[in-house]
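Just so you know, the sequences run in chain order A and B. Residue numbering for the first sequence follows the working numbering, beginning at 1 and increasing consecutively. Residue numbering for the second sequence follows the working numbering, beginning at 113 and increasing consecutively.
Rather than coming from a laboratory, the hints here were simulated on the basis of the structure. Beta carbons: idealized from backbone N, C-alpha and C, even for Gly. Check before you lean on any hint, since a few could be wrong.
[As the list claims (entries may be wrong)] Which residues of chain A face chain B? A few of them, derived with a C-beta cut under 7 Å, are:
1) Y31
2) G53
3) F103
4) G106
5) L109
6) L112
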Amino acid sequence: NAGVTQTPKFRVLKTGQSMTLLCAQDMNHEYMYWYRQDPGMGLRLIHYSVGEGTTAKGEVPDGYNVSRLKKQNFLLGLESAAPSQTSVYFCASGRGTTDTQYFGPGTRLTVL
Amino acid sequence: QQQVKQSPQSLIVQKGGISIINCAYENTAFDYFPWYQQFPGKGPALLIAIRPDVSEKKEGRFTISFNKSAKQFSLHIMDSQPGDSATYFCAASRAQAYNQGGKLIFGQGTELSVKP
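Extracted from the complex, chain A is given alone in its bound form (with noise of 0.2 Å):
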C-alpha cells in the first residue's frame, strides 16, 4: 500500500516551458487536491476533485490546470510556467469532506 505517490520529486523549468505532475492513490479515495506550499504562507488549494470526471478551483487556480480521468490520478499541468510558481506541490486524497486528508511526499519545483 503506497498511499499517496507523486512524480516527479524536483524539478527545475525555465520560463515558459511547460509540465505535468502527476499524483496516484492506491487507497480508493474519491476527493483529491492540490496544494502549493511557500514559506510563511502555509499550504494554498490549487485545484481539487470530488470524483472521477470532476475538477474545481480552489484558491489559487490561476496558471494550473488539472484533470482527473482515472480515479486513483490527479493530473496538474503548468502550461507556461513562471517564477511566481517556484513551490513545493502537494498531492493529498480523502475519503469524504470530514475524512483525514492523506499528503504525498511532495514535488519541488523551480522555475527560473
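Assemble chain B onto chain A, guided by the hints.
Okay, now just chain B, sitting in the frame of chain A:
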C-alpha cells in the same frame, strides 16, 4: 473571511515543557478544525481534529482547545519532546457543505523546535 490566522510563526520550547499554538478564523460556517504535523522533506499528516460541538479534544499529549464564541482554537503539546520538532498547521473547512469538497484552509504554520 476565508482566512485562518496562526501564531506564533516559530516556537522554541525546552524538553518537557508545554507548546501552545493558536489559530483564529472569521468564517462561522467552518465546522471542522484539523491540525497537521509536517516533518522536513515530508508531506503533512493529520495529528488531531475537532468539531465545534465540543470545547476540547485530547489524544495522548496533544490537546485541541476550541472557543466557538471567540472563533479561536489552539493546540497544546504537553511534555514536549525533541521528536515533536516539526512544523504544525491548523486548518478549517466547511465539512458539512458537500459542494465545498472538504476544502481545507490552512494557517501559515508554526515551526516548533524542542530543545533537549
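Results of checking the hints against the structure:
Satisfaction of the interface hint for A:Y31 is found here, the shortest Cβ-Cβ separation to chain B being roughly 6 Å, below the 7 Å cut-off. Given the 7 Å rule on beta carbons, the hint for A:G53 is violated: about 14 Å separates it from the nearest Cβ of chain B. Below 7 Å, beta-carbon pairs count as interface contacts, and A:F103 has one with chain B at about 3 Å; its hint therefore holds. Interface restraint check: A:G106 against chain B, minimum CB-CB distance 6 Å, threshold 7 Å, status holds.
Because the closest C-beta pair between A:L109 and chain B is about 15 Å apart, greater than 7 Å, the hint is violated. For A:L112, the interface hint is violated, the least distance from its beta-carbon to any beta-carbon of chain B being 22 Å, above 7 Å.
Violation of the numbered hints given earlier is confined to hints 2, 5 and 6; the remaining hints are satisfied by the structure.
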